[in-house]
Structure formats: structure tokens, C-alpha cells
Amino acid sequence: MRQLRLHRPVAAFLATAVLTAVVWPLSADDAKPAAETRPAAEAKPADAATEADSPKEEAPGDILTEWKALDARRIEIAGKLAALQKEFATAEKARKREIRDEFQKVIFDFRSEVQPRMEELAEEVLQKDP
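For the sequence shown, the residue numbers in numbering that gives the first Met the number 0 are 0 to 129.
Think of the hints as simulated: they come from the structure by calculation, not from any bench. C-beta atoms are modelled at their ideal positions from N, C-alpha and C, and glycine is treated no differently. Possibly wrong hints are sitting among the right ones.
As the list claims (entries may be wrong) - Heads up, simulated SDA-like pairs for lysine to any residue below, C-alpha to C-alpha not over 25 Å straight-line:
id, residue 1, residue 2
1, K127, E86
2, K67, R116
3, K104, L80
4, K92, I74
5, K127, K104
6, K79, F102
7, K85, W66
8, K127, L80
9, K127, K85
To be verified - Derived CB-CB ranges, DEER-like:
id, residue 1, residue 2, range
10, A82, R116, 43 to 51 Å
11, T64, R94, 32 to 40 Å
12, A71, Q126, 17 to 25 Å
13, T64, Q84, 26 to 34 Å
14, A93, D128, 44 to 52 Å
From just these sequences and the hints, can you work out the full model?
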């Protein structure tokens with residue numbers, strides 16, 4: 000029984016290390032999963048892309064509302080990742096692959112949608128609501 004207690008922290012550490020090792024390559028821009036890429040037929044038209052890229056004038060309340068929504072999503076993602084990590088520790092090998100794929104997708108969504116937008120809004124939000 001004593002040995003089992005000693006190995007629990009090691010197992011938790013190894014699970015964390017494995018998940019980190021799997022997710023770490025996703026920080027590169029070219030490491031996008033195939034499921035997230037768009038076929039050429041579904042690509043945005045050129046005029047739609049320029050409209051989406053142009054900065055919009057927003058009311059201060061809109062920026063703060065968007066920030067709160069992004070922060071809530073960030074917290075939700077963190078909770079989901081923690082739950083996946085716990086499940087990964089006790090899952091069978093086949094389920095671990097599914098968990099890894101889901102973990103990667105959640106991290107990719109955060110890094111491609113939430114984090115960049117929060118970085119864009121951070122300075123304005125700090126000025127409006129220190």
C-alpha cells in the first residue's frame with residue numbers, strides 16, 4: 000500500500016508530461032490539425048477576408064463585454080483541460096488517444112481564437128477598466 004501512495008504523484012506527473020509533450024508542438028503555426036484546415040472551395044472570398052481583418056470602432060461596453068466572454072471561455076477551457084487530464088490518468092490506451100486528440104483540439108482553439116483576441120483587447124480593456 001505504501002508503494003502505491005508513493006507512485007501516485009509520479010503517475011500524475013507522467014500524465015502531465017505526456018499531455019504537455021503532445022500539446023507542445025501545436026505552438027508552431029504550421030502544426031494545425033488536418034480537421035481544422037479548410038478546403039479551397041470553402042475558403043473566404045477576398046473581400047470578406049479584408050472586411051474581417053479591418054479594425055472596427057466599438058463602444059467601450061462592447062470591448063468589456065467581449066473581454067468578459069473571452070475570459071469566461073478561457074476559464075471553461077481550463078476546466079475542460081483539467082477534466083481531460085484527470086480522465087487521461089485512468090483511461091485505457093485507446094481512450095487515451097481520443098483524450099489526447101480532444102486535448103489538442105481544445106488547446107488549438109484557445110491558441111487560435113481566444114488568446115489572440117485577448118491580446119488584441121488587453122491594452123484597451125486595461126485603460127477602460129483598470
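Verification of the hints:
no.	hint	result
1	K127 with E86	40 Å, violated
2	K67 with R116	12 Å, holds
3	K104 with L80	11 Å, holds
4	K92 with I74	28 Å, violated
5	K127 with K104	33 Å, violated
6	K79 with F102	9 Å, holds
7	K85 with W66	29 Å, violated
8	K127 with L80	31 Å, violated
9	K127 with K85	38 Å, violated
10	A82 with R116: 43 to 51 Å	24 Å, violated
11	T64 with R94: 32 to 40 Å	38 Å, holds
12	A71 with Q126: 17 to 25 Å	21 Å, holds
13	T64 with Q84: 26 to 34 Å	31 Å, holds
14	A93 with D128: 44 to 52 Å	47 Å, holds
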